[in-house]
Amino acid sequence: DAGVIQSPRHEVTEMGQEVTLRCKPISGHDYLFWYRQTMMRGLELLIYFNNNVPIDDSGMPEDRFSAKMPNASFSTLKIQPSEPRDSAVYFCASSLSGLGGNQPQHFGDGTRLSIL
Amino acid sequence: AQSVAQPEDQVNVAEGNPLTVKCTYSVSGNPYLFWYVQYPNRGLQFLLKYITGDNLVKGSYGFEAEFNKSQTSFHLKKPSALVSDSALYFCAVRTDTGRRALTFGSGTRLQVQP
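Those protein sequences? They're chains A and B, same order as listed. Quick note on numbering: the first sequence equals residues 1 to 116 in the numbering used here. Quick note on numbering: the second sequence equals residues 1 to 114 in the numbering used here.
Worth flagging that the hints you see were computed from the coordinates, not collected in a lab. Possibly wrong hints are sitting among the right ones.
Said to hold, decoys possible - Computed footprint of chain A on chain B; a stretch qualifies when at least three of its residues, placed anywhere within it, have a C-beta under 8 Å from a C-beta of chain A: (1) 34 to 42; (2) 45 to 58.
Unchecked claim - Below, a sample of chain A positions facing chain B; criterion: calculated Cβ distance under 7 Å: (3) L43; (4) D56; (5) F65; (6) F74.
Here the structure is a predicted model, which is why all the values come from computation and not from measurement. Where is the CB? At the ideal position from N, CA and C, for every residue including glycine.
Starting from the given sequences, assemble the full structure and let the hints guide the process.
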């Protein structure tokens, strides 16, 4: 049973470049979440989708960040232009809705992003 | 607003001894509580959850957690620690209403010494 798949696993790029992170959720899951993890700020929720529709994007840092979910099996998180302070590990997670939302989230192994 | 506190940055325990990783929470409404473990260069893995019912919940790898409503706590426990349990542990909470996203604690690093 394939888990959440993220690509690339590592990304190193120069400041100002566009960065696109990709996520394939577990088949059948109707919720998808994007998180960012840093030593200073821990795990932060950026945005989440339900049935491909963005529900809460209040955690997106600024307009340089955007996320899309064109279908149930694919989502992207884009940073344009990238800045060194965007360096972090970005996680995608998916879950079933369950009864009242009692289902756990399943995480991918993350994308380690370094902006030089 | 909901929040989670993990008061210990690191917990050290000898192999074979019992371990406890502490978590307290604050929510409006009924809490759904989760524990996750993170190994180096990996995503978070679900360990166990409390939704309703028995206050003692059992999860993966021999871990269990006790929900205490009066103390708003959900401590993670294991009777006998293994070196392989060394990892970063996160407590998380959401409510039965409101947004579906979890609020995570800052994490506790568990170090089990042989």
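Each hint, compared with the structure:
Coverage of a stretch by a chain is defined here by at least three residues with a beta carbon nearer than 8 Å to that chain's beta carbons; for the segment 34 to 42 of chain B and chain A the count is 4, and the condition holds. Only residues whose beta carbon comes within less than 8 Å of a beta carbon in chain A count, and the segment 45 to 58 of chain B has 4; three or more means the coverage holds. Nearest Cβ of chain B to the Cβ of A/L43: about 4 Å, under the 7 Å cut. The hint holds. Because the beta carbon of A/D56 sits about 6 Å from the nearest beta carbon in chain B, less than 7 Å, this interface hint is met.
A least Cβ separation of about 16 Å between A/F65 and chain B goes past the 7 Å threshold, and the interface hint is therefore violated. The interface hint given for A/F74 is violated, since its Cβ lies 18 Å from the closest Cβ of chain B, which is over the 7 Å cut-off.
The structure shown violates the earlier hints numbered 5 and 6.
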